[in-house]
Amino acid sequence: MKKAAYFSNTDFSLYNFRFALMEKMKEKGFAVYACAPAGKHKKSLEKRFFFYNIPLKRGVDLLGGDLLYLYRVYSFCKKEKPFLCHNFTVKPCIYATMGQSLAGVENIYCTITGVGYGFENRFLKKIVVFLYRRTLKRAKKVIFQNPDDRELFLRHRIVEKERTEVIKSSGVDTDYFYPQKKEGEEFTVSMIARLLKQKGVYEFMEASEEFDVRFLLAGPIDRENPSGIEEREIKSVEYIGEVDDSREVLSKTDIFVLPSRDREGVPKVLLEAGAMGLPLVTTDTPGCREGVDHGVNGFLAKPQDAKDLSEKIRMVMDSDTESMGKRSREKIEREFKDELVVNKTLKCYNL
63 MKKAAYFSNT DFSLYNFRFA LMEKMKEKGF AVYACAPAGK HKKSLEKRFF FYNIPLKRGV
123 DLLGGDLLYL YRVYSFCKKE KPFLCHNFTV KPCIYATMGQ SLAGVENIYC TITGVGYGFE
183 NRFLKKIVVF LYRRTLKRAK KVIFQNPDDR ELFLRHRIVE KERTEVIKSS GVDTDYFYPQ
243 KKEGEEFTVS MIARLLKQKG VYEFMEASEE FDVRFLLAGP IDRENPSGIE EREIKSVEYI
303 GEVDDSREVL SKTDIFVLPS RDREGVPKVL LEAGAMGLPL VTTDTPGCRE GVDHGVNGFL
363 AKPQDAKDLS EKIRMVMDSD TESMGKRSRE KIEREFKDEL VVNKTLKCYN L
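Mapped onto my numbering, the consecutive letters of the sequence shown carry residue numbers 63 to 413.
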């Protein structure tokens with residue numbers, strides 16, 4: 063039996079973003095391996111796939127964790143001899159790709175899920191570009207989740223265009239996320255994200271001060287991230303902490319807002335909100351803009367501009383929110399359904 067191995071920086075990432083793809087590969091007769099640091103989603107993944115625990119530290123840790131991670135990937139591939147490996151997020155796309163290539167894996171695929179902090183810091187950018195150039199040349203195909211990120215990599219001569227593909231987003235399960243009767247009568251504007259400056263949390267809080275409606279914020283506090291926001295900084299909104307299922311918030315929501323400052327792949331929570339038939343407000347940034355047709359299913363605001371964000375929220379309020387939400391659902395079904403993303407990925411595999 064041929065083996066397919068999927069590598070990411072967290073087991074959450076594989077469970078939340080790649081589950082449908084791995085299930086499809088299993089249906090096609092592959093023995094599927096989920097390879098990531100063991101976390102709270104390990105048991106769920108083990109029920110359907112082989113799970114291989116590969117610890118991976120966040121941040122730059124070249125002489126310690128990063129090279130050890132590369133070696134563990136190499137050892138795994140020498141032992142299991144996978145037919146195909148697919149890597150997601152920055153470190154696996156760099157170090158797992160290198161380990162797989164050294165172990166003789168021929169079919170290596172990488173998905174760039176966003177460029178992240180490495181391209182914002184001038185010093186780190188040089189290192190990241192160098193590492194990407196050295197490693198991505200070993201991949202058969204490099205997949206991007208939005209066209210802006212591909213253009214960025216082409217501009218820096220990291221990868222040749224003929225080895226790239228744009229597959230927008232990780233997809234969304236439109237049977238799980240579907241329009242339903244709203245819980246509660248209070249008009250609610252919500253945001254779900256990690257509590258980071260880059261996610262536009264400050265702008266969301268500032269914009270809330272212009273309205274006399276409920277603003278609901280959900281998401282985990284990330285103390286390891288230098289741009290993390292502490293709970294004591296939260297004001298003007300109702301903060302409910304991390305939720306295991308975004309539907310807990312979306313089912314109570316009238317307008318969903320994601321005011322990210324920076325480029326992203328395509329935020330899945332934005333697609334989940336659209337799939338549930340909600341009008342959307344997000345920023346006109348790479349990745350985020352993919353989920354909104356301006357004036358059709360929502361509006362695009364200027365990044366890092368709380369005043370413009372509040373204006374766009376007001377424009378949605380003054381619109382036919384029900385019709386706008388229906389158009390969100392139609393867009394998600396047309397462009398971002400799980401099946402569409404999975405089938406496009408299998409085409410990249412030549413399967």
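Hints may be right or wrong, so weigh each one.
Listed next, the in silico EDC-like pairs over lysine to aspartate or glutamate satisfying Cα-Cα at most 20 angstroms (straight line) [claimed, not checked]:
id : residue 1 : residue 2
1  : Lys-199   : Glu-222
2  : Lys-230   : Glu-245
3  : Lys-364   : Asp-210
Please keep in mind that the hints were generated in silico from the structure rather than gathered at the bench.
A quick look at each hint next to the structure:
At roughly 9 angstroms between alpha-carbon atoms, Lys-199 and Glu-222 fall within 20 angstroms of each other, so this suggested pair holds. Taking the CA atoms of Lys-230 and Glu-245, the gap is near 31 angstroms; set against the 20 angstroms cutoff, the hint is violated. For the suggested pair Lys-364 and Asp-210, the alpha carbons sit about 17 angstroms apart, so the restraint of at most 20 angstroms is met.
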